[in-house]
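Asks: Below are the chains, spelled out letter by letter.
6 protein chains.
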Amino acid sequence: MFKHTRKLQYNAKPDRPDPLMARRLQESLGGQWGEVTGMMSYLSQGWSSTGSEKYKDLLLDTGTEEIAHVEMISTMIARLLEGAPIYAEADAYKSDPALAAVMGGMDPEHAIVHGLTASLNNPNGAAWNAGYATSSGNLVADMRFNVVRESEARLQVSRLYYMTRDEGIRDMLKFLLARETQHQLQFMKAQEELEDKYGVVVPGDMKDIEHTKYSHVLMNFSDGDGSRAFEGQVAKDGEKFTYQENPEAMGGVPTFKPADPHLHNDQG
Amino acid sequence: MFKHTRKLQYNAKPDRPDPLMARRLQESLGGQWGEVTGMMSYLSQGWSSTGSEKYKDLLLDTGTEEIAHVEMISTMIARLLEGAPIYAEADAYKSDPALAAVMGGMDPEHAIVHGLTASLNNPNGAAWNAGYATSSGNLVADMRFNVVRESEARLQVSRLYYMTRDEGIRDMLKFLLARETQHQLQFMKAQEELEDKYGVVVPGDMKDIEHTKYSHVLMNFSDGDGSRAFEGQVAKDGEKFTYQENPEAMGGVPTFKPADPHLHNDQG
Amino acid sequence: MFKHTRKLQYNAKPDRPDPLMARRLQESLGGQWGEVTGMMSYLSQGWSSTGSEKYKDLLLDTGTEEIAHVEMISTMIARLLEGAPIYAEADAYKSDPALAAVMGGMDPEHAIVHGLTASLNNPNGAAWNAGYATSSGNLVADMRFNVVRESEARLQVSRLYYMTRDEGIRDMLKFLLARETQHQLQFMKAQEELEDKYGVVVPGDMKDIEHTKYSHVLMNFSDGDGSRAFEGQVAKDGEKFTYQENPEAMGGVPTFKPADPHLHNDQG
Amino acid sequence: MFKHTRKLQYNAKPDRPDPLMARRLQESLGGQWGEVTGMMSYLSQGWSSTGSEKYKDLLLDTGTEEIAHVEMISTMIARLLEGAPIYAEADAYKSDPALAAVMGGMDPEHAIVHGLTASLNNPNGAAWNAGYATSSGNLVADMRFNVVRESEARLQVSRLYYMTRDEGIRDMLKFLLARETQHQLQFMKAQEELEDKYGVVVPGDMKDIEHTKYSHVLMNFSDGDGSRAFEGQVAKDGEKFTYQENPEAMGGVPTFKPADPHLHNDQG
Amino acid sequence: MFKHTRKLQYNAKPDRPDPLMARRLQESLGGQWGEVTGMMSYLSQGWSSTGSEKYKDLLLDTGTEEIAHVEMISTMIARLLEGAPIYAEADAYKSDPALAAVMGGMDPEHAIVHGLTASLNNPNGAAWNAGYATSSGNLVADMRFNVVRESEARLQVSRLYYMTRDEGIRDMLKFLLARETQHQLQFMKAQEELEDKYGVVVPGDMKDIEHTKYSHVLMNFSDGDGSRAFEGQVAKDGEKFTYQENPEAMGGVPTFKPADPHLHNDQG
Amino acid sequence: MFKHTRKLQYNAKPDRPDPLMARRLQESLGGQWGEVTGMMSYLSQGWSSTGSEKYKDLLLDTGTEEIAHVEMISTMIARLLEGAPIYAEADAYKSDPALAAVMGGMDPEHAIVHGLTASLNNPNGAAWNAGYATSSGNLVADMRFNVVRESEARLQVSRLYYMTRDEGIRDMLKFLLARETQHQLQFMKAQEELEDKYGVVVPGDMKDIEHTKYSHVLMNFSDGDGSRAFEGQVAKDGEKFTYQENPEAMGGVPTFKPADPHLHNDQG
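The listed protein sequences derive, respectively, from chains G, E, F, Y, S and X. Following numbering that gives the first Met the number 0, the numbering of the first sequence begins with 0 at its first residue and continues without gaps. Following numbering that gives the first Met the number 0, the numbering of the second sequence begins with 0 at its first residue and continues without gaps. Following numbering that gives the first Met the number 0, the numbering of the third sequence begins with 0 at its first residue and continues without gaps. Following numbering that gives the first Met the number 0, the numbering of the fourth sequence begins with 0 at its first residue and continues without gaps. Following numbering that gives the first Met the number 0, the numbering of the fifth sequence begins with 0 at its first residue and continues without gaps. Following numbering that gives the first Met the number 0, the numbering of the sixth sequence begins with 0 at its first residue and continues without gaps.
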């Protein structure tokens, strides 16, 4: 169960409105790697955890924090949209090209649909969907996913940082950068502990089942030399990579029985 | 540019048809972490690579192999669907409950839409979409994503393995397990090299910008003790985690200017 | 069954082309609350109605009118796109910034995909989908949905109204505003009749089953005071709201059996 | 900012596992009208509120409660999936038709993707998406939406109630039914207050602008008599409905200028 | 503008309920090639037509008919769902495997979401979306699309035909088969007329611009011989196909400038 | 199985960067009719083919070529994005309106998400999804689909051609135009051969089953005269079209049994 305080976790106050930056920040809210993806993935993983209480709690703590990040970015976006140009009076694209560019570059749905407040979309208006989130029950895989979530998110925040000189926005982004550093590092630590326990290749207990003959072979399918560069190196599981210049097609030319005529498939 | 041989990379021949297993295998084809996600992510990353030729080639070799995996699984699914029950004659759910269960558990679109061949969907019929794939230009983040892709995919193949006793299907899955071992290990190796070069926190050059005061703090937002367990441990970047029992809400209660009346928002 | 006349229900003729306004009007066509949502929801509800012929007919009348609204807006958009700048000659973003802003702000798919005619998308190019529509069989719930559809749609039309000074566009919007007034009012009237019959809480016959102890309690989960303001007020079903300052977590800490090891979940 | 307790808001403990019921409950979690839609809509509306603190707090209190409902249903689903049949040993659809039916009726992704825990999807595996949620800035419209959300959700819970005899599941559903009663009633109350302030037709201040001639006319587009039944009745804004048996097509037959030849459109 | 009669275009009355067939018929309603795709594509093309009144009218006549087909199938589905098993009493998957199979194979949302009436989804519950429809302004391309729509739709209806022995369902399918014959033939006829006018390769006036050297070459990218079989044959534009056994990669190895460091891309 | 060469099939080198053109070209990559749709459709059709080796090979050859087209366009887009304006320094929309227009018209995700390289989306940022692709098992229908894919794609490339004067982009587009000519023609040829074998109406063997009375009737549902224009003409199957001015509604007014009360549907 959850409780809410009206206070934000950190400042979310721009120096001045900027509807183009409002649009860009939607990436960190409703984009593939935005805060909603973090929030929904970590909470789901925590709620679904059938194992260690320690990791379950780490996930729920971080998921709970991410709700606060969605809150901060939503607040920031609404403030960046204050007074954004929407009127025909402006008739911007005829007489005032700079204003016109703002109107052209804004997300038109910010005004029409949301009354100049945040959406749950990315900057191109694609609605957030749960196909971005992950919860598999296997914590090694999912901790790795969480490190990626924080890596791609921090990368995007870093790019956003250079797209504005507004010190208020930058202040919030500096906080998010720091938290994404922490989250990357904590999930890596959990990942390492879990790898120690379950093995480095996920999942860890299928080694005796797989066709091991093919499990350390760099297969070359091109006229490039890059894959060969890893030949002889030691993989994280302690074995060495070998290299196959011309991997054979071992499966033969597939044939099928003719389909039932009532399917109206091609009958050859 | 690409060339194709009609021969499959490996065997994709079940001992006997099984339309329920055909449906389940769609996860490895068109699911969030299926082979199409691998193929489209690695190829995109390779084509977009503006850096090292070595990693570009590794990505394109692996992406090219994944096309062959999509081909193998498509072939396997079509074979598993041979002779699947579709006729009213069966009228299965009245007289033959076992057959009825097969008809109920099949993907009805396999017959109606695809003439008993594979789709590009997951087992619930959700169409593959590019929101599953990733290509960011930052190879540390993307190599991490690739390790996750191979981890979640191998996890799913491992679960699928126990869902059948068909030795033909298992033979193919054993091959996929092995290749996903290799791909996990090779992308980890590339990830490590790139972390050595660019730093372990992605992206590596924002440390002087972020609010470092918050970048190694485990924040507790619950009555659970799990996060505290990491206190004092050394993070992968060499610094130690601290722990904050009661993180403060530092951002104040947000206020907004009343919206322009022509937006018809609530005016308070 | 349906019949069509080539004549539009009302005027859809702008004074002059305006490709930015064409893009914005896509919200009223293919957006979440646009006319396609109205048309498909009301028709589906009507076709699915297993009850009163009166409401079925009201729904089908209104759904049939909405097809004509989609037709009018499609026509308007095509006319607004007549002569829109698409040529490289313009090379607008270098020499003519006002024109550049138009080109930047247009929906590029209007030209590339649709030959400067309407799409079935919203202004951000998201394709209309049936997840926007509703047909539940329960007419109280669905009439309420229909009132919302007309409310959000009229709100958007109101915002669009101030985004143009084109008297031709405004003429059409004034007609749509009026029809959305009518549709709000008629669906409210139907809703009231149905509430009288089936009860104000949907669905109306579960009162003896629910845990009534919790059915009139304003629960506070924050440090805000807003919810308390409703304390003691009379709800629409005649009972009074009570207020709970600190709602208890009554469900205990959940525990799970360890997952089957073959699932490769975390085992704790 | 948010805090979490490991304790659930209410019981979420089935008497025994039931993977088919687990699948059905996904509707209340990730479906169009499920708890995630409530949670994301109310939180977004609260965070975007530029008006009264009272309604903002009501929205955030309810949104915060909904997170706890998602948590409860996720927990319930994971428990219902404990020990679900996944093994080939069962080979269910050949020898044990009852077991086969369970396997056929389960969501195969529950096992393959989520390790027998909850997803963020509906029972057909469609991923939750933000196109289900609404936040417009206009609180009359949005409170109406919220009443609908609680109406459709309670309707679905009512239907789910009769699909099981498990007293543990029913206990949780009885609690959800009660809370959805409360939420319907509280949002209706807020809606009424806001209608008193802003007018009953949303938005309230466009009356002088719209073509009022068409704003209280029941238009008949069919050979049905249902719409006529409302003729002469008093609408909620105090005016009477009139009825038009044969609404005229007032807009003429639309014509277009021939498209620019470089668009390769049909030239007539 | 449109008018509606309560009478269906043709019979839609099954001999008896069959919830599995109800699910399958959703393909013809809300699937990729279902009637909604026809209806929305033909109406959009008609409304967007900037050319010949003749084709515009053909499109609008057929689009108007398709609304009636959606109506018929919606009606059929609701009737097939009458009395479908939804109760726990059945507890079907324990005691009555045949009934269990029905419950397992039904679309659970038919009951939970739609009260046993039709949805706007396909049999796997994927919501219809406008990405299935097409309206390009170019009538040759779009008439071809329409022929495909009618071809894939008729194929699916043909497969559905053999999945039931219910004479009521079959009666409706026989009517749909006939109309899809007519629609294929009429759109082919229109396509031919338009090809005569605009040329057989769409669009018809780019021949002098394209690199004609590559426009009649069968390029072989495999070890298969199939493409060669067309060598020397006369294409529909009167020219002969040539065959290239080993197409050359003419574009060189692409290189990029290193990305701006602030993007944090790999720098090589 | 596939092999890759680092060399592109053809030149993909613009004369100079142009981020607006980069955005537009996404249509040919990840749009409904873009190269990914071609690649995934032809490969799927080829892998699913249960009939003639000749068509299977033609499909796989063309599908393999399309991967190379995706590669070329991805390369072109990354090059067009080199040096695109992303910095706040520009602060473009205030001081330099021409630059502002570029920034407003760019896809913001090109910079934020992809580090100025290509995405798998269309120009409006909608992710490619498998609902655009088709593979039915029936090669007549699918060859027709393929002709449409190449027609709509070539139409879009033709429109894109006039949107730039960059000779490097045009060079690549001229090559694509040529290949799309070839692919249209080769699929038409295959279609004709298959029509000769299986009949012109798809599928070819349902003629004796359908209600033939309705299979050559142009039905008029409007006050337009266009459909009548085809009266008496000979359809491609050799029969003549007849015309019905006022098609009768033959299906009667549908009635339903009242729904089970536990569904809480309207009871009339």
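Don't read these hints as lab results, they were simulated from the structure. Here the structure is a predicted model, which is why all the values come from computation and not from measurement. Ideal placement from N, C-alpha and C gives every residue a C-beta, glycine not left out. One or more of the hints may lead you astray.
What follows is a set of in silico ranges between Cβ atoms, one per label pair, in the way DEER data are often shown [unchecked claim]:
#1 Y:G82 - E:Y86: 48 to 58 Å
#2 X:E230 - Y:T254: 17 to 27 Å
#3 F:N245 - Y:D195: 29 to 39 Å
#4 G:K235 - S:M249: 39 to 49 Å
#5 F:E238 - X:M249: 44 to 54 Å
#6 Y:G198 - X:E230: 47 to 57 Å
#7 F:N245 - X:P84: 46 to 56 Å
#8 G:D14 - F:A87: 56 to 66 Å
Sample of chain X residues at the chain E side, in silico, Cβ under 7 Å [claimed, not checked]:
#9 K2
#10 E70
#11 A126
Listed below are the simulated DSBU-like cross-link pairs for lysine-lysine, each with C-alpha atoms no more than 30 Å apart in a straight line [said to hold, decoys possible]:
#12 X:K256 - S:K12
#13 X:K188 - X:K239
#14 E:K12 - G:K212
Asks: Next, verify each hint and record whether it holds.
Replies: Quick rundown of the hints versus the structure:
1. Y:G82 - E:Y86: 48 to 58 Å: 35 Å, violated
2. X:E230 - Y:T254: 17 to 27 Å: Since E230 (chain X) and T254 (chain Y) have Cβ atoms about 25 Å apart, the given range 17 to 27 Å holds.
3. F:N245 - Y:D195: 29 to 39 Å: Roughly 31 Å apart at Cβ, these two residues keep to the hinted range, so it holds.
4. G:K235 - S:M249: 39 to 49 Å: 41 Å, holds
5. F:E238 - X:M249: 44 to 54 Å: This hint holds: roughly 53 Å between Cβ atoms.
6. Y:G198 - X:E230: 47 to 57 Å: 55 Å, holds
7. F:N245 - X:P84: 46 to 56 Å: 53 Å, holds
8. G:D14 - F:A87: 56 to 66 Å: Taking Cβ atoms as reference, D14 (chain G) and A87 (chain F) lie about 39 Å apart, which means the hint is violated.
9. K2: Check passed: Cβ of K2 (chain X) comes within 5 Å of chain E, closer than 7 Å.
10. E70: 6 Å, holds
11. A126: 4 Å, holds
12. X:K256 - S:K12: Satisfied, since the Cα-Cα distance of roughly 12 Å is no more than 30 Å.
13. X:K188 - X:K239: Judged against 30 Å, a Cα distance of about 25 Å means the pair holds.
14. E:K12 - G:K212: With a Cα-Cα distance of about 20 Å, the restraint between K12 (chain E) and K212 (chain G) holds, given a limit of 30 Å.
Figure legend: structure checked against the earlier numbered hints; hints not met, in rising order: 1, 8.
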